[in-house]
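Asker: Model the full assembly from the supplied sequences, consistent with the hints where possible.
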Amino acid sequence: MDLFLQRIFDGLFNGAIYASLAVAIVITFRTTGILNFAQGELATFSAYIALLLLNPGARTLTGSGLVSNLIPGTPWPVPVAICGAVVAGAAAGAFVERVVIRPLARAPDLSVVNVTIGLLILVNAVVVETWGLRGYLLESPFPTGADDYLGVGGARLRLETIGVWATLLAVLALLATVLRRTRLGLAFRAVTTNPESAELCGIPLGRTRFAGWVIAGALGALAATLVAHSVVLDPFMMLRLLIFSFAAATLGGLDSPGGAVVGGILIGLAQSLVPGYIPGIGSEVSLVPAVAAMLLVLLIRPTGLFGTRRVSRV
Amino acid sequence: MPDRRISPTVVWSAILAGAVVASTVVAVLVDPITLRSNSRIMVLALAVLGIVVATGQTGLVSLGHGAFVGTGAFATAVFVDDVGVPVLLAIPLAAGVAALFGGLVGIPALRLRGIQLALVTLGVAVVFPVVARQYPAWTGGVTGRPVQASLEPPGWMPAPFDESGSFRFLVCVLVCLAGFWLAYNLVHSSVGRAMRAVRDDDIAAAAYGVNRTTTKVGAFAFSAALAGVAGSLQVMLFPFVSHDQFDVFLSLRIYAAAIVGGVAYIVGAVLGVAALVIVPAINDALGLLESETAVFGLALIVLTFVAPGGLVELFLRGWERWRRMRQEPHVPDGDSADEAGPGEAPVLRPTAAARRLRGQR
Chain D
-11 MDLFLQRIFD
-1 GLFNGAIYAS
9 LAVAIVITFR
19 TTGILNFAQG
29 ELATFSAYIA
39 LLLLNPGART
49 LTGSGLVSNL
59 IPGTPWPVPV
69 AICGAVVAGA
79 AAGAFVERVV
89 IRPLARAPDL
99 SVVNVTIGLL
109 ILVNAVVVET
119 WGLRGYLLES
129 PFPTGADDYL
139 GVGGARLRLE
149 TIGVWATLLA
159 VLALLATVLR
169 RTRLGLAFRA
179 VTTNPESAEL
189 CGIPLGRTRF
199 AGWVIAGALG
209 ALAATLVAHS
219 VVLDPFMMLR
229 LLIFSFAAAT
239 LGGLDSPGGA
249 VVGGILIGLA
259 QSLVPGYIPG
269 IGSEVSLVPA
279 VAAMLLVLLI
289 RPTGLFGTRR
299 VSRV
Chain S
26 MPDRRISPTV
36 VWSAILAGAV
46 VASTVVAVLV
56 DPITLRSNSR
66 IMVLALAVLG
76 IVVATGQTGL
86 VSLGHGAFVG
96 TGAFATAVFV
106 DDVGVPVLLA
116 IPLAAGVAAL
126 FGGLVGIPAL
136 RLRGIQLALV
146 TLGVAVVFPV
156 VARQYPAWTG
166 GVTGRPVQAS
176 LEPPGWMPAP
186 FDESGSFRFL
196 VCVLVCLAGF
206 WLAYNLVHSS
216 VGRAMRAVRD
226 DDIAAAAYGV
236 NRTTTKVGAF
246 AFSAALAGVA
256 GSLQVMLFPF
266 VSHDQFDVFL
276 SLRIYAAAIV
286 GGVAYIVGAV
296 LGVAALVIVP
306 AINDALGLLE
316 SETAVFGLAL
326 IVLTFVAPGG
336 LVELFLRGWE
346 RWRRMRQEPH
356 VPDGDSADEA
366 GPGEAPVLRP
376 TAAARRLRGQ
386 R
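Those protein sequences? They're chains D and S, same order as listed.
Residue numbering for the first sequence is -11 to 302, as defined by the working numbering.
Residue numbering for the second sequence is 26 to 386, as defined by the working numbering.
In short, the hints are calculated from the structure, not lab data.
Values in this document were obtained by computation on a predicted structure and should not be read as measured data.
For glycine and all other residues, C-beta sits at the position ideal for the given N, C-alpha and C.
Keep in mind that a hint or two might mislead.
Rough simulated footprint, nothing fancy, chain S against chain D, three-plus residues with beta-carbon under 8 Å [stated by the list, open to error]:
#1 80 to 92
#2 99 to 113
#3 277 to 289
Answerer: Structure below.
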């Protein structure tokens, strides 16, 4: 029983991370109608920015340390560094939207897919060039010591898990408020429902999509900085998580942020429970349930649990 | 592009003869190690061709062809060493296994729009090496496995090809050629038309009596089989397989190569794989970047803006312009200004060459 609880807690931690990246993916998908394959890489990049802010003088760069010399002074406190990374992630999202995505607004879907795949490869290569292949330990903003846990029914609920969930819920509440109560949120919902009609009503299409990319970039950065402590920060960190998050987003329905959160939890739980209770699946192959879940959902219910069905005409 | 007055049979015979002559020259001139390392990338042309068939012709985006290459490679190792099948016979068997795997992955494609299949295949690409590690009996586990049986030239082979390295190179060239010939015939048949109909509008295609299920799954399985043959040839060139040869970046590079070369054209696969060989060579020579993958990422982005049809489109456009300049030498090329500035779709003229450009959707 304690083991079961423990696995659920572990799954919840991962689930929170998958959920936040999945929400980022869903927001991009809803506003621009494209899946951003580079979402994870932009997040990885932001996590390295956090690393840079936390260790200014340190030789974290493979090169001459030119960039690290540009940021003088003492290491930033962890929460502030994470905020810096979130800003960097938002800026990266903004840059990408402006420079490569917006000019392709009328281009075929495949072109946009190709561009995000190109970005994935490019950003990954740039990160490898700049920081090398070695892994770094990124500090967590939450207490992570061996004793920092709450005993629940014999299992350990780590404070880090509580912290990550508190952060995620706060951010989601903020996001929901913005979407429901503000003018931007109204524009956002109008654009996702019907871009052409929204534009005819005078809603600035470009600016709203831009906002979507900024929010997605920030969310991805948050996910990356929060998870980096428990997995090692290396150039391929988010590429692994991206699959889980894509699975979560697919499971919940690609156009439903709430569904993405539920999908994230389910995928996180599946990842920790399935290897534990189904013999022959080691923890190393925990990717398999995620991909299997994605396949199953797409086969049985392609719109996901909470997605809307699309009717197409010829 | 072959002139249409010449029959395809003649063209393919000429290509075959040219390939044999060219491989003879290459086998004589190039030292065995360079030959082998470049051939290992060259055979990926078949995997890139697989993307051309799946993505360019049928509209099924696959980011997982590296996994099919891996399937072909592992299957070859198992067939040759564990089952004892002759090496050359292992190629079609490996293709069959890869096709089976591809068909299984392709079945979701029936219900998915292109983008979601991209997700699934990306998942397959990430999972493949992890799963391959789990079955050491077949794949050699973490360390990989050497392949004992190898392809040796028969006694009657003439001069440059009686040595095993150059003989394997010749076999690879011929098998690749056979793959291209098959794909060419497929694309230029009623099946090819069905594939393009499904790509352009699958509901309309179904209304016209195209069987979407068999077309999509069949095209994807065929494209996976091509990738499987590439894996099989890799094993033949270098008798060692390991899970880490088939990571997600192999899949991404194969996809990028197809797009860069020109995903709507059979020739695009040749140009794409040429880029796979040439770009790292230039990069090494100039010492620009640690990883040549950055170049592919950049090329993917830039070409989407400049020439969405890839290098083939650039060549076709240049050829078209040169032809027009030759016809009216004194008239300046007035409408070159509308030739696709950044961010615009290229303006296509109703010439035969331009009509072929519509491929990319």
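Asker: Confirm or reject each hint.
Answerer: Against the structure, the hints:
Check result for the segment 80 to 92 of chain D against chain S: holds, 3 residues qualifying (beta carbon to beta carbon below 8 Å, three or more required). For the segment 99 to 113 of chain D, the stated coverage by chain S is satisfied: 13 residues place a CB nearer than 8 Å to a CB of that chain, which reaches the threshold of 3. As drawn, the segment 277 to 289 of chain D meets chain S at 6 residues by the rule of a beta-carbon pair under 8 Å; at three or more, the given contact holds.
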